[in-house]
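A.B. asks: Chain by chain, the residues:
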Amino acid sequence: MPKSLMKGNEALAKGAILGGCTHFFGYPITPQNEIPEFLARELPKTGGIFLQAESEIAAINMVYGAAAAGGRPMTSSSSPGIALMQEGISLLAAAELPSVIVNVQRGGPGIGTIQPSQCDYFQMTRGGGNGDYSIIALAPSTAQESAEMMIDAFELAQRYRTPVFIVSDGMLGQMMEPVTMPSKVPQQSVKKDWAAVGHDNRRPPITIKTLALDPCDLEQINLRLQEKFMRIRESESRYETYRISEAELIFCGYGSVGRILKNSVDQLRHEGVRVGLLRVKTLWPFPVEAFNVLPPRCRHILSTEMNCGQMIDDVRLAVNGKIQVTHYGRPGGIIPTPEELADHAKNILAGGCQ
Amino acid sequence: MNLIYTKSKGLTDRETHYCPGCSHGIIHKLVAETLVELDILGSTIGCAAVGCSILCYNYFKVDMVECAHGRAPAVATGIKRTQPDKVVFTYQGDGDLASIGTGEIVHAAHRSEKITTIFVNNAIFGMTGGQMAPTTLPGQVATTAPQGRDTSHTGMPIRISEMLAQIPGATYVARVSVHDPKAIVQAKKAIVKGFKYQLENRGFSLIEVLSSCPTGWGLSPVDAMTWLEENMIPYYPLGTFRSQEETRDV
Ligand SMILES: Cc1ncc(C[n+]2csc(CCOP(=O)(O)OP(=O)(O)O)c2C)c(N)n1
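Heads up: the sequence lines are chains A and B, in that order.
Following my numbering, the numbering of the first sequence begins with 7 at its first residue and continues without gaps.
Following my numbering, the numbering of the second sequence begins with -1 at its first residue and continues without gaps.
The hints are simulated quantities; they were obtained by calculation from the structure and are not laboratory data.
For clarity, every value in this text was computed on a predicted model and none was experimentally measured.
One or more of the hints may lead you astray.
Covered stretches of chain A (chain B as the covering partner; in silico rule of three or more C-beta atoms under 8 Å from a C-beta of chain B) [what the hints assert, rightly or not]:
| id | region |
| --- | --- |
| 1 | 24 to 32 |
| 2 | 51 to 59 |
| 3 | 62 to 72 |
| 4 | 75 to 87 |
| 5 | 207 to 217 |
Each residue gets a CB set at the ideal place from its N, CA and C atoms; glycine is no exception.
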């Protein structure tokens, strides 16, 4: 398999092509521009279509149209652009249209900064669009994983007929790393007999819709969607543990912070401090089961993010009061250093600041 | 006995939900007849927009995709770019197209998407109960303009066809009406032409159809048609604003 040096964003774009992406629609925003720029160049070579939309609102609705007509579309954006897409994302979930949406997060709220952040954890896991729906949210922490998760995202989108988020951030997107890429990923051809492609006078017309005026109908639709989300919860949550044996404190993080924390763990273990890492790979479904296998000695979980404390809600729900959970984070586009995180953990273990 | 009139084969047998005297029904008929005459029922994908006509997929015998409010041209873009050999149309009201969806329609025209838009202008938000639209005439009463539209406060109504005709990518733009049989015949010709432009791969086509909303306007069906003719047409002149032949009235 060929190995090449590429930015996280380019790895995502390459992964999309390998994942069988047929259409890209998007609107420029930093720090994700390498994705459309790569795909504008490369996607047409594979027979795909790249189209720059006039806005994120248009982009997500183009994704909706392409998915409805049987394509494998994607879009990518960054935090405020994803905010604009929320109505469309709710429609994609409701109409069960396979699609991939990348969020290379930047600091907010508001226009904020183009520096890396994880302040969209709630945006990625709690909706933002209207209604009861959930979106699979994959959070890579390296360029390699960016490519792999992207391939996976397309597969999951088709399998469950649902939109899938890739949750990256400005640091991961901009950083260059070696990536090993398969030259081809075999794709199962999925039969899309639900797609609106013209009935060819051979079958009754198909309608793709989300309006359901009768509450009894809409209740049934909701229950059916929830049943699907439950299946996803049961089979698709992912996480990684790192040096957790005998750990008294376990860091919990994802994405860029997930990798920084590995350095903190190594540093502390080297000093003889028993810490480990639980790296969350799917923000939704959140890997609740991971918290059942933590070592019995673990007395503190430090939920660590580049924000003011969002994932901590999910960690607390998963731990259900059994272990103390606190948050450490740097909002606004500041990347915490491994030393800073290690010092904070030592302090906690010494009974200090919590 | 000679059968001289039948319902279009492009329409289902379902009874429509439209109010008595609403001209969405006439426009549906014209679109359906066009799809049948051009023999494209099986290869057409329609986009239903939010508004009174959102349920039009219950009536048109074609595959359809329901779109978020104002976004039908973007959805149609996604469909057409995925199924370039199929015929794609949007069916949008004036709240949908001329208010919330101005960005999407302008850029569908700008890119010269090979789609056809049926733009139903009834000068009001029908579905939500008769609020003011950007197309509401000066002085026209709406629930959110109870004293009549005050143009010093809300501006003059927007003329969409004239505006879109300025865009290089727009290849066919015409405004028609359905207030009397003669106008209906002209409207049909324009709709056929719009779809033909798409079939010939020429680019973006839009047919604006002036339409009545007796309920929203507070008029009887007959009075509504008269009101349309006497008030809407002077402000929204009928004709072809852009075509690839010489410009002339339809
Ligand atoms: C995002 C969003 N905003 C508002 C609405 C409410 N809404 C439904 S229909 C409509 C106006 C439609 O008017 P028009 O396009 O003129 O169509 P008509 O009903 O007159 O045929 C509005 C504002 C909505 N469904 N979605």
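A.B. asks: Hint by hint, note whether the structure agrees.
C.D. replies: Results of checking the hints against the structure:
| no. | hint | verdict |
| --- | --- | --- |
| 1 | 24 to 32 | holds (count 3) |
| 2 | 51 to 59 | holds (count 3) |
| 3 | 62 to 72 | holds (count 9) |
| 4 | 75 to 87 | holds (count 4) |
| 5 | 207 to 217 | holds (count 9) |
Comparing the model with each earlier hint shows no violations; every hint is respected.
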